[in-house]
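Position chain B relative to chain A; hints supplied.
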Amino acid sequence: MDRTAQDKAGGGAPVRRDRGLAGYRPLPGVPDELIGPDGALRPLWRPLIGHVQGLSDDDLTRAFGRADQYLRDSGVFYRQYDAGQSVERPWPLAHLPVLIDEADWTRLSAALIQRADVLESLMADLYGPNRLVAEGHLPAALVTENPEWLRPMVGVRPRSGHYLHFVAFEIGRGPDGNWWVLADRTQAPSGAGYALEGRVATSRAFSDVFEGQNVHRLAGFFRDFRDTLLAMREDREASVAILTPGPLNETYYEQAWLARYLGVALVQGEDLVVEKGHLMLRTVSGLRPVDVLWRRLDGSFADPLELDPASRIGTPGMVSALRQGGLTMVNSLGSGVVETRALMAFLPKLAPHLVGAPLAMPNIATWWCGGAAERAAVLADPGRMVLSPALGTGLPYDRQGETELAAGLGAGKLAQRLGRDGAALVAQEAVTLSTTPALVDGRIVPRPMSLRVFLARTASGWQVMQGGFARIGAAADPSALAMQRGGAAADVWIVSGSDVPAISMLAQPAGPYRRMAPGALPSRAADNLFWLGRYVERVEGIVRLLRARNIRLVESGRAAGPMLKAIDPIAESYGLDPAQGIPDGLIDTLAAAIASAGQIRDRFSPDGWSALADLDKTARRMATRVTPGDDAARALSALLRKLAGFSGLVNENMYRFLGWRFLTIGRQHERAMAMTGLLAALADAGAPAGALDLCVELGDSVLTHRRRFTMGTSRETVIDLLALDPMNPRSIRHQLDGMMAQVNMLPGASEYGQLSDLGRAMLRCQTEVATETPETLTTEVLDALRGRIAVLSDLLTGAYLR
Amino acid sequence: MTLYALRLAIHYDFARPTGAGRQLFRILPAETPGVQRLIQSRVILAPAPAERLEFTDFFGTRVIEVAMPPGLTRLDLVLEAEVERARAEPELDMSPRVAALAAELADWRDIGPASPHHFRAPSRRIPPMAAVASFAAAATRGARTVQEAVIALGEALHDHMTFDAKATEVDTSPAHAFALRRGVCQDFAQIMVGGLRSLGIPAAYVAGYLRTRPPPGKPRLVGADAMHAWVRAWAGAKAGWIDYDPTNACRAGADHIDVGFGRDYGDVAPVTGMLRLDGSQAGSHSVDIVESVG
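Heads up: the sequence lines are chains A and B, in that order.
Each residue of the first sequence is one higher than the last, beginning at 1 in the working numbering.
Each residue of the second sequence is one higher than the last, beginning at 803 in the working numbering.
Treat the hints as calculated values from the structure; they're not laboratory data.
Glycine included, every Cβ here is placed at the ideal spot set by N, Cα and C.
Far from chain B, some chain A residues (derived; all Cβ distances over 10 Å): (1) Thr432; (2) Asp568; (3) Glu772; (4) Gly787.
Partial list, derived from the structure: chain B residues whose beta carbon lies under 10 Å from chain A: (5) Phe857; (6) Asp859; (7) Phe861; (8) Arg911; (9) Ile913; (10) Gly914; (11) Gly1068.
Same shape as in the complex, but just chain A (with noise of 0.2 Å):
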């Protein structure tokens, strides 16, 4: 009987714990969210307090572990980087919710919406007139020397008419218990897609609580941002589309993750080019148009004819198409200017100026030194101030190492450095964050915590999500909030006192069902398609190899040499040392496989990953325990398993369109390849006695070869099946009836009844195996076939891949 039983079986009252909340004391001087002034617990967090209270030990573990498992499952993932190595994390949930009032999050809102319209004029200013440098309300310097002015776009107006449509502000609470702007993200904002995912992942924690309390939804904040984005293209045929840095990039995941939510293509800088001042994605159907580009890349990394030249992840002529007005984009290139954390010893002032009014929310007090009053200020009380860098963006203690207690260099040294370079520098006052409950070791303890709040422009004006994510301190110290060092995020719940609405993404068109066309591919997931199913093919080959060579070794000890002897060869064309249990080749294969399949993730489904990093976690694992011989032989049968596992979840789920066919063909490629060259090999009149039956096994056609044929093995009946037989499904002939199938679906497989080159050099290929007879197909025959296999794949490339 486990303790939850026990409780229920107890009867009488559920028994409560109290979670350490009886000796749960707000840090001195500092607000909390859970406790209020008067020291009584708050209302709104009643609910979930008294939930948690209620469950038992295990209980809580479990509703944990729903959380962490659906995570785990979606594979939501951020990169993090140690000590120069980049390794993906799972996302640091930190259980428990933080709690906002409604009330509050209106007045919260409406200051950030005023925000936003003043970064909003302030980028019409920068990238305009300059009126603000002009009239003496900002220092020349810290616009002509801010890497983030990008002087190409100067004078270039937006398409929409807008510069921002989507950004981010980190906020905190002050010791008033008023809410303080601590940085603002205007660059290219991220967290939007982990914070609905830590928001299933909570509610699945607390779903009696999320939905006993009216808890606002998230779903219509990215319901209307998605039509606003469609609603912003001036042509109606092109798509809208994401632009990645790629899959390095620490929330790349996120990138897919929105790319798939939206329904929108996931696209890095060399998918795109620039024609007639339109930005144009290369797909397997040719150049097709984007009209609306969700910008998740740094500025200057966009375009390098014109903006950093040496990025290699832009699209030239980037700048010509947003001159000529040919896209929208989100947000602009320059917009990273306005996170410039200078800038916030300014807006205050600015703020009139631009928007006619006071900022509605303060942001850090910010001094920039560069100015003689702003010096003295900082020399005359140090102790609160925290130097970095002037044209920095971000928390300041998001980046370590960047900054540095004013009052640490001692009077002297500080005024030196101020005197030096001031105008480098900034100070901002040390934020003291507020706390709110965590549940560290099963007791509730305040932690500091600042939150992330989103903003998108739709139709209607600017829209804040109802929500956001919080960041969690692993400890009592704010720059402890860093996930990077251990910090955690948690949901953020805006409780109203009625009922809010439900809301769902997928709305319901007006009008009968209409089908849509699925998207155009673009040529690299097509490429990356194309090579996932030949490495995941590959590493099939190479399994079954290695197997065939450790079962000889166990059967026959010594005797097996001459069969070693010609499987060897065959390895070490693979890359791969047969004395290993499970060579490194093999890994480095798989690793193939999965940065492949992770340059398409936004095409992937959960599970399909899941599998594919499950297949490759357990290779790696092998490989530092398994020893050559039967160990080795067991260990890669369970490998095969799992690899047929991967097989079926994708050619049972995946939809029966190009990205299919690629994947397809590359595996049908592979195939035949590997098949030509092991018959090549083994049914040569010099292969050992027993390479017959080897080529039988490792064509898995053991049990058809037995049915088909009444006699043992002849390099005939092996032919005969392995290379024309076109029924089985291991043999070369299967392989090119299959890919001659799919390349003529493919777009301009033949023009007016005149094949494309592919075609023809397939339609040959396919025709000679028909022909050939057991007796004609030798190993001369077989090899010059490998070779015109081998062509059809830089056709392939020639034609669709690039």
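Structure of chain B alone, referenced to chain A:
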């Protein structure tokens, strides 16, 4: 006033047909009131580009933007222009002390293309260079005004460096060229820009053309009839910008035809994109500047 017929020819041969590509050309002579007038110009590209347009960049340089079709095996560009250029008049030195520039800059609120503010800080190709900074400090010790400092540094650099077309390439850093004590006009100009900035004098990199007119009994100027580069230094609000050519240790005058200016070579490179003006692509170019009889 001198009237010139300018002809620039650029030729590329490609060993393998190249894919489609986008290129920027900054080769058209500038229109500078009182100094230089572009009377007419035409640029012919063969084969014809798939797209061709023109825009003016942030610093006011005219840029020809072309998209070339795929499958190119050769490319020819010919610019023919008629340019009028003013003779250099000896000017009164109206520039302040170097130390007084900072205060003038602090009050300078314009950040338009010709604002000195763009040219104070290190730039992508001209980072801070300690060796150049101490060289500049030593060379300008006796200078009383900004103009004197500019000339002193220019002359010192000209003495220190040897013109050598083989010593450096287009991507050689100015620090490296300075250490080699060799280079071409691009190196001379970028080193001098770096030196001036280290002294607190805003300095721009100017790209253009140079005509050579060998004076009687004297050798031809180095880099005869060529693409050229020199320096534009800000000598305070009153004196404004002054042009100096460190490769030839002279003020830029009637023999210099400017195309544009920027923070360093990268802002005014004659060819930007897949193609470059040197190295890998077997490119060649020639410049002819002939004084025409008005």
